[in-house]
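Student: Now for the letters of each chain:
Protein chains: 2
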Amino acid sequence: MPDLESNYNELISRYKEVAVIGSVNGLLQWDMQTIMPPKGSERRSDQLALLAGIAHNRMTSPRIDELLTALEAHSGELPPEEQANIREIRRDQKKAVKVPQDLVEELSRHESVCHEVWVKARAKADFDMFAPYLEKMIALVRRQAECLGYKDTPLDALIDLFEPDATVAVFTKLFDEIKSVSVPLVRKIADAPIKSDRAFLHRDYPIELQRRFGEQVMKSIGFDLDGGRLDVSVHPFCSGGLGDVRITARYNPNAPQQAIFGIIHESGHALYEQGVRADTFGTPLSEALSYGIHESQSRMWENLIARSRAFWTFFLPRLKELFPTQLADASLDKFLLAINHVQPSLIRVEADELTYDLHIIVRFEIERDLFAGKLSVSDLPRAWNRKIEDYLGVVPPDNGREGVLQDVHWSGGMFGYFPSYSLGNIAASQFWSAMKRAMPDLDKQIATGKFSDALTWLRANVHQHGRRWSRDELLQKATGKPLGTADYLQYLTDKYSDLYRL
Amino acid sequence: MPDLESNYNELISRYKEVAVIGSVNGLLQWDMQTIMPPKGSERRSDQLALLAGIAHNRMTSPRIDELLTALEAHSGELPPEEQANIREIRRDQKKAVKVPQDLVEELSRHESVCHEVWVKARAKADFDMFAPYLEKMIALVRRQAECLGYKDTPLDALIDLFEPDATVAVFTKLFDEIKSVSVPLVRKIADAPIKSDRAFLHRDYPIELQRRFGEQVMKSIGFDLDGGRLDVSVHPFCSGGLGDVRITARYNPNAPQQAIFGIIHESGHALYEQGVRADTFGTPLSEALSYGIHESQSRMWENLIARSRAFWTFFLPRLKELFPTQLADASLDKFLLAINHVQPSLIRVEADELTYDLHIIVRFEIERDLFAGKLSVSDLPRAWNRKIEDYLGVVPPDNGREGVLQDVHWSGGMFGYFPSYSLGNIAASQFWSAMKRAMPDLDKQIATGKFSDALTWLRANVHQHGRRWSRDELLQKATGKPLGTADYLQYLTDKYSDLYRL
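Chains as they are written, first to last, in our numbering: chain W, 45 to 546; chain F, 45 to 546.
Bound-form chain W, shown alone:
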């Protein structure tokens, strides 16, 4: 037993060091995307690449393998939580040893370059400028996928980096179910007699007041501002961990709903990070389960909670205090219809809750075809536009800025990431149904500005478990069933039937 214990402690202390290096990398990236001066990018890319290399080098050290092997042989003698840490560290270590360090550093370095080119190409709406860099990125992640191994398609290996136990086949099934409900629903809404009046959302909303409202909501829902920040960036994101979780917003002075729901979305991510166990911090037990489950928390707050009648029963009067003239003619009904307005459009991050999944499905299917060799980089702009037209009925212009160039992900090598967004929607609805069963007066609480019971439920059923269970085990314990679209499709149908009186 003393051997077992000292081995376990050494393993944890080595793993924690890797986590600390990862947290430094996260801060460097936050800084790069918020406040770094333009000429800092070259050195920043050196810093990021070196740290990625050091973290990889430590994670792949033979000593970690040795410790894991020794512990696995007697794993049954350890407490179940320690067994879970060993299982998850082995999962990470297995992935790490398969990818050589030079590829890790090359990927990190090319991410910095490729991101910079993407920013410029997008500003100029020039896909050809981006294409060779994207080509190289795809070659690098393909090499990564070959190193990691897969059964059906290289994309499976990449998906597994974000969503363990998911594959192209799994997502294809889930997404076919979503399409079968949401595509006809979008059509029905287009034909519905009810139309929303959104004029008041295009008035002048000073940014400082938007920020103040955002901060008010953050505090109300439980974001601890002594352990986090709200800043500005071109692409909103959440980064950091317990003690220092930072979210960013992008403000549009003539569309306040963008920053408001953006801030609530990122706060949902932040509440997950602020809700992990402190006593196991730096180990898998205090890490988010997967990108999809992370996304379930952001979408829970952004959509299930913050687009509801209950939420705005409480907050609309408060929003009107800050913007009395702008919102003078906005009744609660009118406001709810406006912020839930369904309108097929071109830009994912501005899409409404219902059409959002269709944007994801377009990207997923393109990635699937790309990695199956059915599409090449030069085909992407046209393939993109064709699919958007098929699923959403709108036609993007040729310039790419509102099409294939709009998302940051591919420039960062994040292929296989998009499906996590929709998985988040699915899981969020499933949690929401369970929360409503457990707390029948939840809507009433929210309508009076009380969010603590909702947060306590999420802390107890999601945040506190970290990577203790697999995704399906967690869902089973929290909601009584594994991942499935039933609750989500019911939620969508009920919500929009009610709003648009279908």
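To be clear, the hints were calculated from the coordinates, so they are not data collected in a lab. For every residue, glycine included, the Cβ atom is placed at its ideal position computed from N, Cα and C. Keep in mind that a hint or two might mislead.
[Stated by the list, open to error] Across the chosen pairs, the derived CB separations fall in these ranges:
(1) Lys217(F) to Arg294(W): 58 to 66 Å
(2) Pro144(W) to Ala114(F): 22 to 30 Å
(3) Pro124(F) to Pro144(W): 36 to 44 Å
(4) Glu259(F) to Gln127(W): 53 to 61 Å
(5) Glu252(F) to Arg294(W): 20 to 28 Å
(6) Gly493(W) to Phe358(F): 51 to 59 Å
(7) Ser105(F) to Pro441(W): 51 to 59 Å
(8) Thr500(F) to Gly193(W): 56 to 64 Å
Position chain F relative to chain W; hints supplied.
Tutor: Same frame as chain W, but now just chain F:
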């Protein structure tokens, strides 16, 4: 030769990695002192300690020693600049190998804790609260000094970390020379009939306008804002390197001169960092020579240039554009007398140019006695107050906030650092005399807002050389003589005789 070349390249690439890790540490510290949320400090201290350990571990790797030894055997065959890099890397490596890694990490960790306690103790004016942490810090730096080795006193080993080739004996001599001139000068000024009217400096100066003026001056003197930033912190500082140099300011709405001269001071540091050679970046050839020479650049801009009649001939009308009512009654003569007002006082960072050195000398002599075993930690508050009274004629209250608790340095383990400030004054005057000899119309240029020739001279004679030469070699080349107080004491005498018509 091919061996020599590949050895040199490997050495440089290893050294550059250590420098990259150091630059990451610098950013983490900048973040900690400007924007980090309060609950982030525990994890930040883990991050800093781990990176300090990694950098130390790499710098002390046997491979670096091997490479240095191989290169030193054939050093004569290499170009002189490469010889200089080898010499300086050996200097760093020798220091690094003497200090064990656990002490490096313990120091880093205790710095974070000790700094936090100091902040609280200072706020509460409670020296007893700080004392045990200071005691531990002194024990740690004493251990460090013992590892490093010294001839006369442990303080020599610590001074050498900031100012190579300086010792307690060297500073004692320089400071005795300064005291012999500045102490009587301060007395004469106190008796002079001319009194400055500073009322207009205590009016209401909105912070945003102060910041705007600061940025205007930064741009005028050559600070590249695409490769740097200006932010806010409790203690103004400069950090970062080429491409991303960040300075901070502290604003007092009723004392604009504090932020103005603070910004110019930190900009002087920043201009040094922005002025190093890009082609050798990451090697000693592109690193600042010493803390004292760094300080010569900040004091050059803050005092020699920005407290001069020429400077305000150009900038006072511009300052008046931003603050027309506040400065309505401030003539150039009145303004110059006000910003150069000599007044013995308690706080170093608010001291005038003439009495500043006396604050340094107090600290130096206390450190000297502390490390010679003539003072213990519990003696410090009284010893401090007695010396301040001796040299400045003012009596600090007992609470310590305006006495021994005022400076951040000791909480960060920075003993032996203070003398660098005065060394900066000495060297700055020496450079300034040389600049005036080389460019007799320099004052005229400055009076029209032209700073490019001054900056070009500093770039060519100081910044571009990095650690190529020793301090005395650099001064010899740039000014025709080694370090000495003659120019400085002449400058002080002339300046104050003129201002106060002594």
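Student: Has the hinted range 58 to 66 Å been met by the Cβ atoms of Lys217(F) and Arg294(W)?
Tutor: This hint holds: roughly 60 Å between Cβ atoms.
Student: Given a hinted range of 51 to 59 Å, is it respected by the beta-carbon distance of Ser105(F) and Pro441(W)?
Tutor: holds (56 Å)
Student: Is 36 to 44 Å respected by the C-beta to C-beta distance linking Pro124(F) and Pro144(W)?
Tutor: holds (39 Å)
Student: Lying within 53 to 61 Å: is that true of the beta-carbon distance Glu259(F) to Gln127(W)?
Tutor: holds (57 Å)
Student: That 22 to 30 Å hint for Pro144(W) and Ala114(F) (C-beta), does it hold up?
Tutor: Given about 29 Å between the Cβ atoms, the range holds.
Student: Starting from the range 20 to 28 Å, see whether the pair Glu252(F) and Arg294(W) falls in it by beta-carbon distance.
Tutor: 23 Å Cβ-Cβ, so the 20 to 28 Å window holds.
Student: Quick one: are Gly493(W) and Phe358(F) within 51 to 59 Å, going by C-beta?
Tutor: 57 Å Cβ-Cβ, so the 51 to 59 Å window holds.
Student: A range of 56 to 64 Å was offered for this pair. Does it hold for the Cβ distance of Thr500(F) and Gly193(W)?
Tutor: Holds, at about 59 Å.
Every hint, counting from the list given before, is met by this structure.
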